[in-house]
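Following the hints, complete the assembly by docking chain B onto the known chain A.
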Amino acid sequence: MLVLAVLALAAAGCGGEDDATTGDTGAATATTDAATTAAETPETPTEPTAGAEETTTGPTTEAEDTGDGQAAPADCDGLSVGIAGPFTGDAASIGQEQLNWARFALERFNADNGTNFALVEADTQLDPAQATTVAQQFVSNGDILAVVGPAGSQEAEAVGPIFEPDNLAYIGMSATRTSLTGGDYPTFFRVVPNDDAQGPTDATYMVDELGAQNVFIIDDQTSYSTGLADIVQPLLEEAGVTVTRDSVPQDQTDFSALVSRISDDTDIVFLPWQLAASAQLFSQQMEEQGKTATIFGSDGLFSPDDFSAEGAYVSSFAPDITALPEQAELVEAYTEQYGEFGTFGPPTYAATQVALTAVLAACEAGDVSREAVLEQVGDVTITDSILGAPLTFDANGDVEGAQFYIFRIEGGEYVLVE
Amino acid sequence: MEFFVQQLVNGLTLGSVYALIALGYSMVYGILKLLNFAHGEVYMVGAFIGYGVLTMAGGAADPVLPAAVLVPLMFLAAMIGSGLLGVAIERFAYRPLRDAPRIAPLISAVGVSFFLQAAALLLFTARIRNYDTPELIPFSVGVEVGPLRISLVRILVIVTAVVLMVALTLLVSRTRLGKAMRATAYDREAAAMMGIDTDRVIAATFFIGSVLAGAAGVMIGLVFSRVFHFMGFLAGLKGFTAAVVGGIGNIPGAMVGGLLIGLAEAYAAAYLSSRFSELVVFTILIGVMLVRPSGLFGTPALQKV
Numbered sequence: 001m002l003v004l005a006v007l008a009l010a011a012a013g014c015g016g017e018d019d020a021t022t023g024d025t026g027a028a029t030a031t032t033d034a035a036t037t038a039a040e041t042p043e044t045p046t047e048p049t050a051g052a053e054e055t056t057t058g059p060t061t062e063a064e065d066t067g068d069g070q071a072a073p074a075d076c077d078g079l080s081v082g083i084a085g086p087f088t089g090d091a092a093s094i095g096q097e098q099l100n101w102a103r104f105a106l107e108r109f110n111a112d113n114g115t116n117f118a119l120v121e122a123d124t125q126l127d128p129a130q131a132t133t134v135a136q137q138f139v140s141n142g143d144i145l146a147v148v149g150p151a152g153s154q155e156a157e158a159v160g161p162i163f164e165p166d167n168l169a170y171i172g173m174s175a176t177r178t179s180l181t182g183g184d185y186p187t188f189f190r191v192v193p194n195d196d197a198q199g200p201t202d203a204t205y206m207v208d209e210l211g212a213q214n215v216f217i218i219d220d221q222t223s224y225s226t227g228l229a230d231i232v233q234p235l236l237e238e239a240g241v242t243v244t245r246d247s248v249p250q251d252q253t254d255f256s257a258l259v260s261r262i263s264d265d266t267d268i269v270f271l272p273w274q275l276a277a278s279a280q281l282f283s284q285q286m287e288e289q290g291k292t293a294t295i296f297g298s299d300g301l302f303s304p305d306d307f308s309a310e311g312a313y314v315s316s317f318a319p320d321i322t323a324l325p326e327q328a329e330l331v332e333a334y335t336e337q338y339g340e341f342g343t344f345g346p347p348t349y350a351a352t353q354v355a356l357t358a359v360l361a362a363c364e365a366g367d368v369s370r371e372a373v374l375e376q377v378g379d380v381t382i383t384d385s386i387l388g389a390p391l392t393f394d395a396n397g398d399v400e401g402a403q404f405y406i407f408r409i410e411g412g413e414y415v416l417v418e
Numbered sequence: 419m420e421f422f423v424q425q426l427v428n429g430l431t432l433g434s435v436y437a438l439i440a441l442g443y444s445m446v447y448g449i450l451k452l453l454n455f456a457h458g459e460v461y462m463v464g465a466f467i468g469y470g471v472l473t474m475a476g477g478a479a480d481p482v483l484p485a486a487v488l489v490p491l492m493f494l495a496a497m498i499g500s501g502l503l504g505v506a507i508e509r510f511a512y513r514p515l516r517d518a519p520r521i522a523p524l525i526s527a528v529g530v531s532f533f534l535q536a537a538a539l540l541l542f543t544a545r546i547r548n549y550d551t552p553e554l555i556p557f558s559v560g561v562e563v564g565p566l567r568i569s570l571v572r573i574l575v576i577v578t579a580v581v582l583m584v585a586l587t588l589l590v591s592r593t594r595l596g597k598a599m600r601a602t603a604y605d606r607e608a609a610a611m612m613g614i615d616t617d618r619v620i621a622a623t624f625f626i627g628s629v630l631a632g633a634a635g636v637m638i639g640l641v642f643s644r645v646f647h648f649m650g651f652l653a654g655l656k657g658f659t660a661a662v663v664g665g666i667g668n669i670p671g672a673m674v675g676g677l678l679i680g681l682a683e684a685y686a687a688a689y690l691s692s693r694f695s696e697l698v699v700f701t702i703l704i705g706v707m708l709v710r711p712s713g714l715f716g717t718p719a720l721q722k723v
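The listed protein sequences derive, respectively, from chains A and B.
The first sequence: position 372 = 372 (the numbering used here), numbered continuously.
Add 418 to a position in the second sequence, counting from 1, and you land on the number used in the numbering used here.
Just chain A, same shape as in the assembly:
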């Protein structure tokens, strides 16, 4: 009987392997003559892509014909960008937000530039094995010239060797592990700063501003989380802080026992986690057991809807875009179409923008190859980036001048403190 159980679980594990898409049908739609095609209705926001057997094209160019009417060169038709993210599974709340923002970026890009690029969507479930399959499918689909994602650092590591021989550029929207841009993955770029920036920012703030004496670090056993914890821990120890370290699986549902291990003289609990709702529960269970230590979270916890522990600190790779007046129109347009969002969406918008801009530039230069697109990605400059600053890449594929921000939660509001 146990054998049966194992079989069933194995079946569950394999279920997602067909999820990656081949973009054929979508590409066919995209190549249809824009003049004779009625504008398509964008995908409804609530529609999940468990099967992911679809591609999205934004409104076709007809809607723009009355506008500036600039048409893309004909051979740009039918080109696509792949997006890989955890659209189902444990981290689906992150993946769905990333997917919606990528679709949103595509719609706006197509409308603004008179292109009809398509998006090929593939589900990785935050699993490196799944991401590998997806990567192979992307490589074998000739229409795909650049990739947005995958989401997790562990996945970005897994797909690098597959993309490299084909010169397929991939742009991370949430993978912050430092070693990714160290040269081992030459086609990797990311629009978010890496943990070399985040770790010291967080550690310095804890020591200098919060006067930390005794810090409890709990990682969530992902590559992102352990990497960040490994950076912060020695920095704190060097500053004379007593550090206790523990770890908890990301899918843990109960933290009571862990919370009761927080000693009374602990002043900060550092949670470099990816699921904000888990940190919310952690804070509630701290309150339940009368623990008074302050929670300090990393960028993964930046999510005003899901994490609102009074007095907690959160670092983030972007200023709160809802508070930036120049992004108000964008935020409103997104919210109207897709609803609320957290911290993972806007970087995906930027990454998608980078990928599409590079594809268009390569196409206009008359060289539609992955190699040309890869070169173009390195040269992309987005002056009014959604992330609040001009976006360009340095030689390693990291964003130039990236910095982290720290927020304090006061009455449910995220207040920028540094």
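Keep in mind that the hints are not guaranteed to be accurate.
One side of the interface only, derived from the structure: several residues of chain B facing chain A at Cβ under 8 Å [as the list claims (entries may be wrong)]:
| id | residue |
| --- | --- |
| 1 | Thr-473 |
| 2 | Pro-552 |
| 3 | Arg-644 |
I should point out that these hints are in silico values taken from the structure, not numbers from a laboratory.
A virtual CB, placed ideally from N, CA and C, is assigned to each residue, including glycine.
What follows is chain B alone, placed relative to chain A:
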């Protein structure tokens, strides 16, 4: 010492939820020899129904009903809703396969599980919903025994679970339906020949098992806040483990198994590390399987002649 007792409370909370889930697995297995892998999803749906009632009543922060009315209402709605879902699953996914080889309903169960997960994803999106229980019943409200704090929510969960388990035990041992269930579990054909409507008894078993899973869903929502489409998978796995440890098909076994798994998880997290809690749980499973392959309370399967 207070640390030890605190973990006892944590473990009992977790364990009583696992026990309720394990009961559903065990009852269905006992009567049909079927592992109902969709059971975890029934629990997930129960948690969502509880969340729905809470939201309709204005949410935890600003409820239109007092907590003393709202919480029982959430339980009632989730239990009835999950119960009906269980009956529907049995009717459409298992009954047509009643005489098929045993692997067929098992595959069907996995299919129902995927179906319900995807349906929840479609209906509620992947966002993790939060009961925000502390707004309704502050966690700081509770009993203080010396330095030990037991919050009201945990007391509520443990007491509700005990009441449900006692009620189930009485139902199975004292009522006509219980007698029919035991007879059907013992030998379905013979029970049918004695005039028992076995289809109805099986439907009733699914209803009762799913009612318990629905209650477990609301309990998890109340204590651990988070509700999402994928929550049934791990909880189902733990419930299943509890049922196997206790001896699948055996009702007291499921209760003991659930509590054992919950306590093991809490103590492992407290005294070793959270990273070992699942290791300890599944080590217990393997250990029990090695020493008593039919589970702690199980009786070795008799070959029917």
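Violating hint indices (sorted, rising): Hint 1 contradicted; others consistent.
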